[in-house]
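There are 2 protein chains.
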Amino acid sequence: MERTLAFETIEKIGKKIRLCGWVDRRRDHGKLVFIDLRDRSGIIQIVGGGELGKLQPQDAVEIIGKVQKRPKEMINKDLVTGEVEVKIEEIKILSKADTLPFDMGKDWLELELPTLFDHRALTIRHKTIKAIFEVGEVVVDVFRKSLNEIGFTEYESPIIVPATAEGGAEVFQVKYFDHKTYLGQSPQLYKQMMLGVFERVFTVTHAFRAEPSVTTRHLTEYTSLDAEMAFIDSWEDLMETAEYVVKEILAAVKKQCQEQLKLYQATVPLVSKKIPRLKFQEAQEIIFKRTKRDHRREPDLGPNDEEEICRWAKEEKGSEFVFITHYPVKKRPFYAYPDPKNPDLTLSFDLLGRGLEWITGGQRIHEYEKLVENIKKWGNDPKDFALYLEAFKYGMPPEGGFAIGAERVTMKILGLKNIREATPFPRDMERVDIRLSTIQEAKKRNKK
Amino acid sequence: MERTLAFETIEKIGKKIRLCGWVDRRRDHGKLVFIDLRDRSGIIQIVGGGELGKLQPQDAVEIIGKVQKRPKEMINKDLVTGEVEVKIEEIKILSKADTLPFDMGKDWLELELPTLFDHRALTIRHKTIKAIFEVGEVVVDVFRKSLNEIGFTEYESPIIVPATAEGGAEVFQVKYFDHKTYLGQSPQLYKQMMLGVFERVFTVTHAFRAEPSVTTRHLTEYTSLDAEMAFIDSWEDLMETAEYVVKEILAAVKKQCQEQLKLYQATVPLVSKKIPRLKFQEAQEIIFKRTKRDHRREPDLGPNDEEEICRWAKEEKGSEFVFITHYPVKKRPFYAYPDPKNPDLTLSFDLLGRGLEWITGGQRIHEYEKLVENIKKWGNDPKDFALYLEAFKYGMPPEGGFAIGAERVTMKILGLKNIREATPFPRDMERVDIRLSTIQEAKKRNKK
Numbered sequence: 001m002e003r004t005l006a007f008e009t010i011e012k013i014g015k016k017i018r019l020c021g022w023v024d025r026r027r028d029h030g031k032l033v034f035i036d037l038r039d040r041s042g043i044i045q046i047v048g049g050g051e052l053g054k055l056q057p058q059d060a061v062e063i064i065g066k067v068q069k070r071p072k073e074m075i076n077k078d079l080v081t082g083e084v085e086v087k088i089e090e091i092k093i094l095s096k097a098d099t100l101p102f103d104m105g106k107d108w109l110e111l112e113l114p115t116l117f118d119h120r121a122l123t124i125r126h127k128t129i130k131a132i133f134e135v136g137e138v139v140v141d142v143f144r145k146s147l148n149e150i151g152f153t154e155y156e157s158p159i160i161v162p163a164t165a166e167g168g169a170e171v172f173q174v175k176y177f178d179h180k181t182y183l184g185q186s187p188q189l190y191k192q193m194m195l196g197v198f199e200r201v202f203t204v205t206h207a208f209r210a211e212p213s214v215t216t217r218h219l220t221e222y223t224s225l226d227a228e229m230a231f232i233d234s235w236e237d238l239m240e241t242a243e244y245v246v247k248e249i250l251a252a253v254k255k256q257c258q259e260q261l262k263l264y265q266a267t268v269p270l271v272s273k274k275i276p277r278l279k280f281q282e283a284q285e286i287i288f289k290r291t292k293r294d295h296r297r298e299p300d301l302g303p304n305d306e307e308e309i310c311r312w313a314k315e316e317k318g319s320e321f322v323f324i325t326h327y328p329v330k331k332r333p334f335y336a337y338p339d340p341k342n343p344d345l346t347l348s349f350d351l352l353g354r355g356l357e358w359i360t361g362g363q364r365i366h367e368y369e370k371l372v373e374n375i376k377k378w379g380n381d382p383k384d385f386a387l388y389l390e391a392f393k394y395g396m397p398p399e400g401g402f403a404i405g406a407e408r409v410t411m412k413i414l415g416l417k418n419i420r421e422a423t424p425f426p427r428d429m430e431r432v433d434i435r436l437s438t439i440q441e442a443k444k445r446n447k448k
Numbered sequence: 001m002e003r004t005l006a007f008e009t010i011e012k013i014g015k016k017i018r019l020c021g022w023v024d025r026r027r028d029h030g031k032l033v034f035i036d037l038r039d040r041s042g043i044i045q046i047v048g049g050g051e052l053g054k055l056q057p058q059d060a061v062e063i064i065g066k067v068q069k070r071p072k073e074m075i076n077k078d079l080v081t082g083e084v085e086v087k088i089e090e091i092k093i094l095s096k097a098d099t100l101p102f103d104m105g106k107d108w109l110e111l112e113l114p115t116l117f118d119h120r121a122l123t124i125r126h127k128t129i130k131a132i133f134e135v136g137e138v139v140v141d142v143f144r145k146s147l148n149e150i151g152f153t154e155y156e157s158p159i160i161v162p163a164t165a166e167g168g169a170e171v172f173q174v175k176y177f178d179h180k181t182y183l184g185q186s187p188q189l190y191k192q193m194m195l196g197v198f199e200r201v202f203t204v205t206h207a208f209r210a211e212p213s214v215t216t217r218h219l220t221e222y223t224s225l226d227a228e229m230a231f232i233d234s235w236e237d238l239m240e241t242a243e244y245v246v247k248e249i250l251a252a253v254k255k256q257c258q259e260q261l262k263l264y265q266a267t268v269p270l271v272s273k274k275i276p277r278l279k280f281q282e283a284q285e286i287i288f289k290r291t292k293r294d295h296r297r298e299p300d301l302g303p304n305d306e307e308e309i310c311r312w313a314k315e316e317k318g319s320e321f322v323f324i325t326h327y328p329v330k331k332r333p334f335y336a337y338p339d340p341k342n343p344d345l346t347l348s349f350d351l352l353g354r355g356l357e358w359i360t361g362g363q364r365i366h367e368y369e370k371l372v373e374n375i376k377k378w379g380n381d382p383k384d385f386a387l388y389l390e391a392f393k394y395g396m397p398p399e400g401g402f403a404i405g406a407e408r409v410t411m412k413i414l415g416l417k418n419i420r421e422a423t424p425f426p427r428d429m430e431r432v433d434i435r436l437s438t439i440q441e442a443k444k445r446n447k448k
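Chains E and U, in that order, are what the protein sequence lines are. For the first sequence, position 263 (counting from the first letter as 1) is numbered 263 according to our numbering, and the numbering increases by one without interruption. For the second sequence, position 110 (counting from the first letter as 1) is numbered 110 according to our numbering, and the numbering increases by one without interruption.
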């Protein structure tokens, strides 16, 4: 018999069907037993007697039964299939689950983060966790589609790189046969090279930062949504493209993820018709005026500053987003384009949303000599950038781009407290699936 | 003035327009000078006098001029814009190119592979190289769309892994703070864990193999298109899904990549209504009969065998594809499902196309105890697979999946001789962008 999915039951009242799925919950009401069966399409209630009593949460089962209307007082309006149920006829256990280490049948999975990740293969099955990945998928999907719409082409960016592009010690080393290579901190240099092929490019890739600190905003491996475009008329073209992509993402999440937003009692961030723009120094002045904290000589905004300027944008401009532009040269990478009006500043921007950086971007230096000069100024050897530099030696028009941290977008839309929750298998200083201390122990064990 | 793209000129005859792009070629005919201008949409001919004479290949330029019909004898039928040209009025050089190290203006880029990759930022701009990435993008895109169509959900699989999943020494080590971690050889364990969330999942990820040999078929970093599905009725469901995806890819390439196929004088592979299936041992017998090479005691097919069995399929079945099934247990990973009829064999398959493996797949062991037993049998410690094993401890139905090597598909469709050509930035034992010997030299230089 063809398999029926949970959500298809509403159109099969009176019919005998075959369902496959996992037991999500069991409720015993005297002789009557109810099962919430979960499959990829949703939940359907199964009703029966003693034969259902032996089922345990997370058992994988196949069920044959008849779809029937629920009695009026039993209708569940919160469930797509809430007007029907399936009266059991046959049941086959495909895989019996062991006793769970905690209750997965609650509406909200109240676990401490370490437990949540120690049992990740199990906890990801909960509807509140699944909802996070569903939002995450829309974010990536809309990034892709919205850029395809306006002439961008996707390419695959390499992960293993020969040298560290952005400088800094926060890079993971890869033993590559007899050589040292690294995990890319961003696809920056590659997306710039690809401009010569497609002129407008993007990539969905993983970026790696060996930041030796544990914060709620950083992962050591994260999904970077990177775009780059050539033949810009002004660096403001880049901000406009970034703004367009963010608005497309928010609109799609609002439309496609109503259930997920409801689970998290979340709303997509307010976005004004045009996202307000502040120069870095203007932002510092506003923060000083509002808080009396004087960070006006700092070269960057701290986490508190980012939160404060977002509060300002919401209160004064009705926007939960704000662009901060013209960051100082010394806090930007070697390829950032200096502001012709003030060479200490760059034609760069960050998009802050709900107190956190979502996007970073800017115009890049496209003049070969300037780039060589800056590589030296940043303490690197142009010979290590030979391949990259060829892209500029042989004709590169004005260009720039931006990068979106995918997990941050999901985190901020749903109001998650920790970015680790926004990815199925988070990596940080202390964990790569299992706690790293466990790996040490395993190594000792294997040596014995 | 708004920018016009090359392919839009055909609808703007008589109009003054602004174009941006790279000089692809220059042809001087006495006082008349012709430029092929390249932008992301294609090529448009620019016609003018001496002012065009100073332009060099790969210069990035902005041109203002008037679109006019070409004289009848000058029409180029091979070009989308071949009936028009743009009479130059103004020209602005956005970025002057240095003298090229070789002629990029030829129809075919006749370079040795090392030169092709030593100057990759330049060579990728050639239309024949661009065509490869265009086909590659369709392959990935259709993999994604065809699986979305049938209820699969995409997720992001991690690159850094705590232990080696598939065994073997061919793994890259990552220095992770004070710990040893690795680059994933495949997303296998993660896609299986994700079944509990979405039931049908796929990922577009990079996989890493530290194979200490240089062949025309292997990259150390490649794009793996991985799918996995639960609640299968039979392992043959997996082959059918793989066949569906391949057919969708071929149909899309045939439809969308006519120009690219023409450039390579390539045709998409012949595929019969149902791809022929041979058991591993049957394939060995056929190869023996046809070649008298007796490999019937080998546990796997060698490259020559794969080519031979593909010749057989084409000659005997009119198909450039053939499924080989029931590979021996000893050549498959620990999670491969043993054939109930013969426990030395597995319910696994490879799809061979044009002499090469495109896809590998099979049913997986979903029973917790069997899996633990096999992990031990393969010489590993179940404790190192604790997270993974939880997915099976708590109810996992029969399941399986497959993985497609994206670059191999592109390579075989276009008839490329070397898989390195199928990716913009190939990595192998000898090269990570630059030749690895160069890195050694740079290190010495930096130490001085």
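Possibly wrong hints are sitting among the right ones.
What the hints assert, rightly or not - With a Cα cut of at most 20 Å, we get these calculated EDC-like pairs of lysine to aspartate or glutamate:
no., chain 1, residue 1, chain 2, residue 2
1, U, K145, E, D141
2, U, K279, U, E259
3, E, K145, U, E134
4, U, K96, E, D233
To be verified - A short list of chain U residues far from chain E (calculated; beta carbon distances all over 10 Å):
no., residue
5, D36
6, K54
7, E62
8, G302
9, E373
10, L416
Stated by the list, open to error - Beyond 10 Å from chain E on every Cβ pair, some chain U residues (computed):
no., residue
11, D141
12, I375
13, P398
These aren't lab readings, by the way, just hints derived from the structure by calculation. A virtual CB, placed ideally from N, CA and C, is assigned to each residue, including glycine.
Against the structure, the hints:
no.: 1; hint: U:K145 / E:D141; result: 11 Å, holds
no.: 2; hint: U:K279 / U:E259; result: 38 Å, violated
no.: 3; hint: E:K145 / U:E134; result: 16 Å, holds
no.: 4; hint: U:K96 / E:D233; result: 17 Å, holds
no.: 5; hint: D36; result: 14 Å, holds
no.: 6; hint: K54; result: 14 Å, holds
no.: 7; hint: E62; result: 8 Å, violated
no.: 8; hint: G302; result: 25 Å, holds
no.: 9; hint: E373; result: 16 Å, holds
no.: 10; hint: L416; result: 16 Å, holds
no.: 11; hint: D141; result: 8 Å, violated
no.: 12; hint: I375; result: 13 Å, holds
no.: 13; hint: P398; result: 7 Å, violated
Hint compliance for this structure: hints 2, 7, 11, 13 are not met, and every other hint is.
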